[in-house]
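Protein chains in written order, with this note's numbering: chain A, 1 to 111; chain B, 1001 to 1112.
It should be emphasised that the hints constitute simulated quantities derived from the structure, not laboratory data.
Among the hints, erroneous ones may be present.
Partial pick of chain B residues on the chain A-facing surface, computed with a CB cut under 8 Å [claimed, not checked]:
| # | residue |
| --- | --- |
| 1 | A1019 |
| 2 | P1034 |
| 3 | Y1098 |
Straight-line Cα separation of at most 27 Å, DSS-like style, residue types lysine-lysine; simulated pairs [what the hints assert, rightly or not]:
| # | chain 1 | residue 1 | chain 2 | residue 2 |
| --- | --- | --- | --- | --- |
| 4 | A | K57 | B | K1099 |
| 5 | B | K1071 | B | K1057 |
| 6 | A | K53 | B | K1099 |
We treat Cβ as the ideally placed atom computed from N, Cα and C, and that holds for glycine.
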Amino acid sequence: DAGITQSPRHKVTETGTPVTLRCHQTENHRYMYWYRQDPGHGLRLIHYSYGVKDTDKGEVSDGYSVSRSKTEDFLLTLESATSSQTSVYFCAIRDRADTQYFGPGTRLTVL
Amino acid sequence: GENVEQHPSTLSVQEGDSAVIKCTYSDSASNYFPWYKQELGKRPQLIIDIRSNVGEKKDQRIAVTLNKTAKHFSLHITETQPEDSAVYFCAASREGTYKYIFGTGTRLKVLA
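In isolation and in its complexed conformation, chain A is listed as follows (with noise of 0.2 Å):
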């Protein structure tokens, strides 16, 4: 499991309310991703990460701000949740061999 977790793993939420999903590795790696996975569209990179305080958009990056202080931890955060960012969001890191690995994953539910 590369050492990643996803907290929390499940949440309900409801529209206009500020969401923050904390991804965390235990293996010091550089490079950090946020997806988003949704039938019919595959994994979608919404933003990442390639060091503390280094962080850049991806495909679907609008709705979704991400931090990283410390190098273990990765958050992203929906300032104001809406009905569309109800998904499957993953993140994942990538070693030195250049592979990634996905955390467990988190459902976010948008009412």
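With chain A held as given, fit chain B onto it using these hints.
Chain B alone, transformed into the frame defined by chain A:
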């Protein structure tokens, strides 16, 4: 922009038959090609990968082939079993960069 096309989107095979999933990538600088298997409700998990200096790689019933000229790579599963039923994703990446482009997935059903 860069993309990876994956076909077919769904595939049904009889148990014991072979299954082949194909991906085509657009970025000619891509040099690392992993395949992931995702069971229902679980995370994607790496099952095999290949780098551009190799044309084929095998691991028991699974093999991956790469044609750099045509920018194609394929996953081959022989002697399929019901537990092979899952969604399979291909990806293309450039080593040392953040870029990791995923295909849209193939739902494989192995019929007993």
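Evaluated hints:
1. With 8 Å as the threshold, the beta carbon of B/A1019 stays out of range of chain A, its nearest partner Cβ sitting at about 19 Å, so the hint is violated.
2. A cut of 8 Å between beta carbons decides the hint on B/P1034: the least distance to chain A is about 6 Å, and the hint holds.
3. A hinted interface residue such as B/Y1098 counts as satisfied when its beta carbon comes closer than 8 Å to some beta carbon of chain A; here the least separation is about 5 Å, so the hint holds.
4. With a C-alpha separation of about 12 Å, the suggested pairing of A/K57 with B/K1099 holds against the 27 Å cut-off.
5. Distance restraint check for B/K1071 and B/K1057: the Cα-Cα separation of roughly 16 Å lies within the 27 Å cut-off, and the hinted pair is therefore satisfied.
6. Of the pairs offered as hints, the one joining A/K53 and B/K1099 holds, with about 19 Å between alpha carbons and a cut-off of 27 Å not exceeded.
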